[in-house]
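> The primary structure of each chain is shown beneath.
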Amino acid sequence: MSVTVFHYVFLGMLLFSIGAYGLLSSRNAVRMLMSIELMLNAANINLVAFSSYLGNLHGQAFAAFTIAIAAAEAGVGLAILLALYRNFRTVNLREIKELRW
Amino acid sequence: MIDSLVFLVISAVVIAGAVVVVMAERIFHAVLGLALALLGVAAVFVTLGAEFLAVIQVLVYAGGVVVLFLFATMLTKSDLQLRRPRGDELAPVSAVVFAIVALFYVASSGFAEMGERGSVVGTVKNVGELIYDLNIYVLPFELVGLLLLAAMVGAIFLARKEVVK
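Chains as they are written, first to last, in my numbering: chain Z, 278 to 378; chain Y, 4 to 168.
Rather than coming from a laboratory, the hints here were simulated on the basis of the structure.
Please read all numbers here as calculations on a predicted model, not as lab measurements.
Careful, some of the hints might be misleading.
[Claimed, not checked] Chain Z side only, calculated, beta carbon under 8 Å to chain Y, not exhaustive:
| no. | residue |
| --- | --- |
| 1 | H284 |
| 2 | G296 |
| 3 | L301 |
| 4 | M311 |
| 5 | N318 |
| 6 | S329 |
| 7 | L331 |
| 8 | G332 |
| 9 | A349 |
Just so you know, even glycine gets a beta-carbon here, dropped at the ideal spot from N, CA and C.
In isolation and in its complexed conformation, chain Z is listed as follows (with noise of 0.2 Å):
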């Protein structure tokens, strides 16, 4: 049995999935930012399995460019928790209720 491109889109599925149900189930700001980047690198693995299986490198170009977009995310996140956690005194969200409208 060889490894076929459907073992690593089967792979990131999980991922994504375990990530899915940590966003939503998680009260905590912390987990859920870091079920996002799991959810992330899923997609990432299933850009550069298909760049390296169709054989060019678009793919990988596109997952450099995915790999900052989430390093941005999780620095202005984490900044945006951090001035949640001082004005609130606590990270769960299911408390924080004044910015929901």
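Position chain Y relative to chain Z; hints supplied.
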């Protein structure tokens, strides 16, 4: 044969790290699980011949983002009742439904008949030539630089202490 064995081991590491991220009682353990999963993804990139991306993954994610999450974990105090990630009852249902639907779609897509992996290797030279010499991705590349600058300024602005005049 050895390929599939390596792939299985790396996949197990990635999935184990991801499960630790979602399930760990303490948020610090979740960050360590995230580091494990991200390093595993770097190993996946190596098996796919994306050497440049693997290095970037280790540098940016394992070096930068994980340290950022560690800072956030230490600067915020998680409540004790937050330790167990218990939320809406529909969360596992929706994740499982998504997995099943995606599995059906992927299985019916004929990806498995795509054949063997190409011999193209994503070294720094090859990816750099694609970005610069072919002139396709130059503008997005510069825009990403601008976006990173804007994100840096925004993060500093959001995270700084309010100065009382």
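> Against this structure, judge whether each hint is valid.
So, going through the hints one by one against the coordinates:
{"no.": "1", "hint": "H284", "verdict": "holds, 6 Å"}
{"no.": "2", "hint": "G296", "verdict": "holds, 7 Å"}
{"no.": "3", "hint": "L301", "verdict": "holds, 4 Å"}
{"no.": "4", "hint": "M311", "verdict": "holds, 5 Å"}
{"no.": "5", "hint": "N318", "verdict": "holds, 5 Å"}
{"no.": "6", "hint": "S329", "verdict": "holds, 4 Å"}
{"no.": "7", "hint": "L331", "verdict": "holds, 7 Å"}
{"no.": "8", "hint": "G332", "verdict": "holds, 3 Å"}
{"no.": "9", "hint": "A349", "verdict": "holds, 4 Å"}
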